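The primary structure of each chain is shown beneath.
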Amino acid sequence: MRQVAAKIAQAIMLILAVIILNFFLIQIAPGDVVDALAGGPDGAGEASAEVNERLRETYGLDKPVLVQLGIYIGNVARGDLGESFIFNRPVTELIGARIWPTILLAFTALAFAILLGTFIGTVAARKPESPFSAGITVFALIGFAMPAFWTGILLLLLFSVQLDWLPVSGMNDVRLPRDAGWLERQIDTAEHLLLPAVSLGIIYLASYARLSRASMLEILESDYVRTARSKGLGERSVMFKHALRNGIIPIITVMGLQFGAVVSGAILVETVFAWPGIGRLAFDSVNRRDTNVLLGILLMLSVTVIIANLLTDLLYRVADPRIRVGGEDRG
Amino acid sequence: MADVETTESDQSDAPDPRRHQPPPKYQGFKMFMRNRAAVFGAVLMIGILVVTYILPIFITDNKNEIIAEKHLAPGDEGAPLLGTDYLGRDVAIVVMNGGSTTLKVAGFAAILIVGIGASIGAAAGYYGGWVDSALMRFTEFFQVLPGLLFAIVIVALFSPTTLTIVLAIGLISWPGIARLTRGEFLRQKNLEYVKAATAIGASDRRIIIKTILPNTMPVIIVQSSLIMGAAILFEAGLAFLGLGDASNLSWGFYLGLNRASFLSNWWAVTFPGLMIFFTVLSLSLIGDGLQDAFNPKLRGR
Chain A
0 MRQVAAKIAQ AIMLILAVII LNFFLIQIAP GDVVDALAGG PDGAGEASAE VNERLRETYG
60 LDKPVLVQLG IYIGNVARGD LGESFIFNRP VTELIGARIW PTILLAFTAL AFAILLGTFI
120 GTVAARKPES PFSAGITVFA LIGFAMPAFW TGILLLLLFS VQLDWLPVSG MNDVRLPRDA
180 GWLERQIDTA EHLLLPAVSL GIIYLASYAR LSRASMLEIL ESDYVRTARS KGLGERSVMF
240 KHALRNGIIP IITVMGLQFG AVVSGAILVE TVFAWPGIGR LAFDSVNRRD TNVLLGILLM
300 LSVTVIIANL LTDLLYRVAD PRIRVGGEDR G
Chain B
0 MADVETTESD QSDAPDPRRH QPPPKYQGFK MFMRNRAAVF GAVLMIGILV VTYILPIFIT
60 DNKNEIIAEK HLAPGDEGAP LLGTDYLGRD VAIVVMNGGS TTLKVAGFAA ILIVGIGASI
120 GAAAGYYGGW VDSALMRFTE FFQVLPGLLF AIVIVALFSP TTLTIVLAIG LISWPGIARL
180 TRGEFLRQKN LEYVKAATAI GASDRRIIIK TILPNTMPVI IVQSSLIMGA AILFEAGLAF
240 LGLGDASNLS WGFYLGLNRA SFLSNWWAVT FPGLMIFFTV LSLSLIGDGL QDAFNPKLRG
300 R
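Just so you know, the protein sequences line up as chains A and B, in that order.
Going by numbering that gives the first Met the number 0, the first sequence opens with residue 0, and the numbers climb by one from there.
Going by numbering that gives the first Met the number 0, the second sequence opens with residue 0, and the numbers climb by one from there.
A few of these clues could be false.
What the hints assert, rightly or not - Anything over 10 Å on all C-beta distances counts as not near chain B; from chain A, calculated:
(1) Ser-129
(2) Phe-143
(3) Glu-234
(4) Ser-263
Said to hold, decoys possible - To give an idea of the chain A side of the interface with chain B (calculated C-beta under 8 Å), a few residues:
(5) Met-145
(6) Pro-146
(7) Ser-221
(8) Leu-300
In short, the hints are calculated from the structure, not lab data.
As the structure is a computational prediction, the values presented were derived from the model and not from experiment.
For every residue, glycine included, the Cβ atom is placed at its ideal position computed from N, Cα and C.
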């Protein structure tokens with residue numbers, strides 16, 4: 000328990016560090032929201048210096064940087080991420096509407112990659128000398144080398160344009176009748192989710208297959224698997240009930256480390272499929288210097304990744320009791 | 000971890016009693032050549048380098064200019080080899096020119112990544128204790144960040160130039176190599192040859208740079224080819240979003256420009272993407288081959 004508490008304390012420190020880093024990053028960059036409002040980097044419509052001053056005062060940008068940072072951290076602690084300079088709406092509201100599609104996309108892609116990848120890897124570990132097993136390495140390298148946004152475009156051209164099997168873009172069909180049932184809506188969303196999730200998941204699918212194959216190969220050599228076999232257990236039971244339980248441990252480790260990268264990839268894939276996620280909002284807020292929105296997005300995505308890491312850590316303890324025990328000794 | 004691969008370079012300096020055998024120096028090269036996938040990767044890389052750096056010398060008409068009607072498919076009447084894009088530029092020419100931009104950015108980024116990562120990893124692994132835990136916390140911090148988003152922020156805030164893009168990729172992608180280098184240093188600092196150096200009174204800096212670092216180089220160099228592949232994908236992602244140098248169209252940037260019209264223009268998105276794919280693939284194959292040849296312990300990972 001103490002360890003879990005320590006992990007959470009660590010996560011909070013990490014979040015604080017993220018806030019401070021983001022804050023100063025935006026501070027040292029040239030230009031602020033007032034410059035952007037006054038005509039953007041092109042300086043098309045210069046507002047008077049007096050107006051600019053008043054705007055800065057309204058947004059609190061005239062205060063010393065450290066005071067601004069202090070105010071911001073205080074507000075975040077109370078769950079207030081400020082207001083968007085551009086939309087005049089609370090940042091939490093803007094982000095809240097957009098972050099779930101991104102998380103849904105990232106999770107689906109990762110789940111697809113892990114489930115299918117582990118299955119393929121486990122099957123391949125049964126016959127390590129077979130061409131199928133050797134092919135996984137090549138397949139992993141191919142998967143890694145494909146830029147997700149490019150894969151997305153190719154899949155779109157094939158399945159949505161040529162074959163017309165799946166919708167081209169968005170998260171829901173606008174033609175869906177207003178009184179459509181819950182199930183109908185979920186199916187519609189799932190149809191829209193399929194291609195983006197696959198194009199994002201393919202990168203990781205093969206690497207999980209490779210990882211689980213290597214891990215299972217090692218475990219199938221171990222004594223307890225031999226014992227299980229000699230007890231006369233069926234092959235399926237040995238593979239999926241005994242061996243896989245230890246085989247997934249390295250996969251859990253990698254999963255936590257990769258979640259940040261998957262979220263990043265989701266931002267790219269979103270643009271291809273017009274998926275209504277946070278990517279577009281982030282991009283616009285950078286260009287408009289909508290600092291509060293930008294800070295909010297960076298914060299929320301970092302928190303998402305940190306929470307995913309915490310959960311991974313807990314999962315890790317559940318999957319491998321040795322860590323729990325060994326850890327207690329140390330701390 | 001056994002210390003099998005560390006003695007590689009030491010052996011080649013010592014006089015070799017087995018004269019009839021090739022010196023171990025070439026053993027790695029031989030192993031590499033026996034790996035068909037790695038050789039395929041190397042050949043692919045040579046092809047890409049020829050297209051990028053040598054072909055433009057022979058094709059004098061190599062400006063990114065409008066030469067024909069727009070949206071000509073490959074094989075259409077009057078169309079160039081790979082068709083024309085949404086403006087009527089020759090796709091083959093723009094793709095050929097894009098390589099040098101992509102490779103330049105990725106190359107510099109990879110150097111930066113290895114520089115930062117190896118320094119931090121070396122310090123953490125060698126000094127241990129609180130230095131190690133502080134540096135590893137720092138590394139962890141960068142590892143959990145959604146990297147691409149941070150890169151977007153850095154590049155967009157400071158305007159997209161080659162410099163900002165290289166810096167953004169470099170500042171965000173170093174944790175992997177830092178962990179790797181740290182692991183190697185942790186393992187090697189207790190080996191005899193390092194103890195010997197300490198015993199004759201060598202300074203910490205000397206031991207890190209002159210004694211241990213050369214012995215971790217094989218591991219780092221192998222990893223570098225994979226890092227460069229990742230940097231190419233990173234650059235492509237940024238450029239695809241429009242965060243690239245508009246005067247030097249990289250593959251990713253060109254892909255992004257053609258995205259708006261990809262429904263009527265599949266070739267203009269397919270070919271630059273294929274180049275990214277082949278380049279990263281060849282770097283991965285080469286990296287894998289080097290791994291097998293020089294770090295046989297890690298094979299199959």
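Going through the hints against the structure:
1. Ser-129: At roughly 15 Å from the nearest Cβ of chain B, Ser-129 of chain A sits farther out than 10 Å, so the non-interface label holds.
2. Phe-143: Label violated. Min Cβ-Cβ 6 Å, cutoff 10 Å.
3. Glu-234: Holds, because the least Cβ-Cβ distance between Glu-234 of chain A and chain B comes to about 23 Å, which exceeds 10 Å.
4. Ser-263: Since the minimum Cβ distance to chain B is about 3 Å, Ser-263 of chain A lies within 10 Å and the statement is violated.
5. Met-145: 5 Å, holds
6. Pro-146: 5 Å, holds
7. Ser-221: Constraint on Ser-221 of chain A not satisfied, violated at 17 Å.
8. Leu-300: With Cβ-Cβ at 5 Å, under 8 Å, it holds.
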